[in-house]
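Chemist: Numbering (my numbering), first residue to last: 6 to 446.
Misleading hints may appear alongside valid ones.
What the hints assert, rightly or not - Per label pair, the in silico range of CB-to-CB distance: (1) Ala78 to Glu112: 41 to 49 Å; (2) Glu112 to Arg55: 36 to 44 Å; (3) Asp293 to Gly387: 36 to 44 Å; (4) Arg77 to Asp53: 27 to 35 Å; (5) Ala439 to Asp257: 33 to 41 Å; (6) Val307 to Arg77: 38 to 46 Å; (7) Ala340 to Asp293: 28 to 36 Å; (8) Asp104 to Thr233: 58 to 66 Å; (9) Val307 to Ser437: 24 to 32 Å; (10) Asp53 to Ala240: 39 to 47 Å; (11) Pro267 to Asp288: 51 to 59 Å; (12) Ala118 to Asp50: 34 to 42 Å; (13) Ala74 to Ser226: 35 to 43 Å; (14) Asp346 to Leu128: 36 to 44 Å.
What the hints contain is simulated information worked out from the structure, not anything from laboratory work. Every residue, glycine too, gets a C-beta built ideally from N, C-alpha and C.
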Amino acid sequence: MERFDTIVIGAGVSGLTAARLLAKEGRRVVVLEARDRTGGRVHTDRTDGRITDFGASWIHGITDSPVYAAARAFGMRTVEFTVGGYQPDSRPIAYYGPDGVRLTDAEARASIADIHAVDATLLEVVADSAPDASYLDVTDEAVARQGWDAERAERVREYMQHRSEEQYGAWIADLAAHGLDDDSIDGDEVVFPDGYDRLPTHLAEGLDVRLEHVVSRVAWSGDGVVVTTDRGEFAAADAVVTVPVGVLQSSDFVIDPPLPEPNASALGRLTMNAFEKVFLRFDEKFWDDGVYAIRQQGPEGVWWHSWYDLTALHGTPTLLTFAAGPAAIATRSWAPDRVVDSVLTQLRRLYRDAVPQPTHVDITHWQDDPFSHGSYAYMTVGSTTDDHEVIATPVGDVLHLAGEATWTDDPATVTAALLSGHRAAERVLGRSVAVERLWSD
6 MERFDTIVIG AGVSGLTAAR LLAKEGRRVV VLEARDRTGG RVHTDRTDGR ITDFGASWIH
66 GITDSPVYAA ARAFGMRTVE FTVGGYQPDS RPIAYYGPDG VRLTDAEARA SIADIHAVDA
126 TLLEVVADSA PDASYLDVTD EAVARQGWDA ERAERVREYM QHRSEEQYGA WIADLAAHGL
186 DDDSIDGDEV VFPDGYDRLP THLAEGLDVR LEHVVSRVAW SGDGVVVTTD RGEFAAADAV
246 VTVPVGVLQS SDFVIDPPLP EPNASALGRL TMNAFEKVFL RFDEKFWDDG VYAIRQQGPE
306 GVWWHSWYDL TALHGTPTLL TFAAGPAAIA TRSWAPDRVV DSVLTQLRRL YRDAVPQPTH
366 VDITHWQDDP FSHGSYAYMT VGSTTDDHEV IATPVGDVLH LAGEATWTDD PATVTAALLS
426 GHRAAERVLG RSVAVERLWS D
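Construct the complete structure from the given sequences, taking the supplied hints into account.
Modeler: Shown next, in the form of structure tokens:
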């Protein structure tokens, strides 16, 4: 049995952050990773020279972002693309009405103003909401307070539904009322033309990372931890566990003894989402020039309502749409051609015969990934924002949970993963360490 000072489970951004900081402070660290690559849910596909981020894509706001600072320090190229937070108007967006006709500028401005009015009301409604309120409950109340006619109210309701799905991959009635409290963007958003996986690749440099080591058991006591994998056992004084919520809740990953309170209850109030990406590449652009996104309103857009123009990122005409929440669940077993046909049916409502068959399609399958069971976690009805951080309460001073779901501000992001790994490293060390040490000597 190999022995270390600290075992880090998971070679995603959170685990690599913790391991890198601990190693720089002189601890002997091993990182155990089930996959055959680093990065976790930061996953860039490079098939046939195409660079496609199947997992995380955006930095949601570069102002004071440690991820952006790390990316710059590592020489990662970025492209500004500020629509990742499902904003209604941060950049030019082509809106189409329920009839499939593009809204005039005046109509679009009026629709956007209605969204902003409800968002302003939501702040008070969410603050006063009951512990078991859903995001649907507070949205309905905020819309009702506007006193609008049914058609006007419905346009905003469907926008809020789509935002819940695109932000958290969850049906609006399943998301806690406070589930979008962190829905804010500070500064421009950027994406990575060379792939987001450059970040974990740089973070992993010089570390002892053991790929294809599937952890099945983490036994902990006052004497330390013993981690069982399909390639043997590892022992250490402490461990940082960064696997996703879906793995923590799986019977294939055992913590022995089980997580105590308050960790266990907080973990039980989160769940993994249903959120998949659909990339469509074409020979030529057929959609509007000068827009970042295309959105359609009305019942036809219940699944496919938003497309994002990634042409500037990929160098070829590319649209990205999301199967999110109910759409991801319903299409989970569909053949790729059936998914594409469903998406193109909606695009052809807007652009008619100008829409050709795509030259290449990529569809993700995070729901079927045994090492994540979904894309990221969300707050179910009855949870509170504090649950994120409560999960990370140190266990017996030997077990530290980290990852995007354990960070209260902006969970479900790479920023949350990195900052939670930084926090775990500081708790293991018992002292502060500057996050800048990740990218500096």
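Chemist: Hint by hint, note whether the structure agrees.
Modeler: Against the structure, the hints:
no. : hint                         : result
1   : Ala78 to Glu112: 41 to 49 Å  : holds, 45 Å
2   : Glu112 to Arg55: 36 to 44 Å  : holds, 37 Å
3   : Asp293 to Gly387: 36 to 44 Å : holds, 42 Å
4   : Arg77 to Asp53: 27 to 35 Å   : holds, 29 Å
5   : Ala439 to Asp257: 33 to 41 Å : holds, 37 Å
6   : Val307 to Arg77: 38 to 46 Å  : holds, 40 Å
7   : Ala340 to Asp293: 28 to 36 Å : holds, 30 Å
8   : Asp104 to Thr233: 58 to 66 Å : holds, 60 Å
9   : Val307 to Ser437: 24 to 32 Å : violated, 49 Å
10  : Asp53 to Ala240: 39 to 47 Å  : holds, 43 Å
11  : Pro267 to Asp288: 51 to 59 Å : holds, 55 Å
12  : Ala118 to Asp50: 34 to 42 Å  : holds, 40 Å
13  : Ala74 to Ser226: 35 to 43 Å  : holds, 38 Å
14  : Asp346 to Leu128: 36 to 44 Å : holds, 41 Å
Violated hint for the displayed structure: number 9, the only one.
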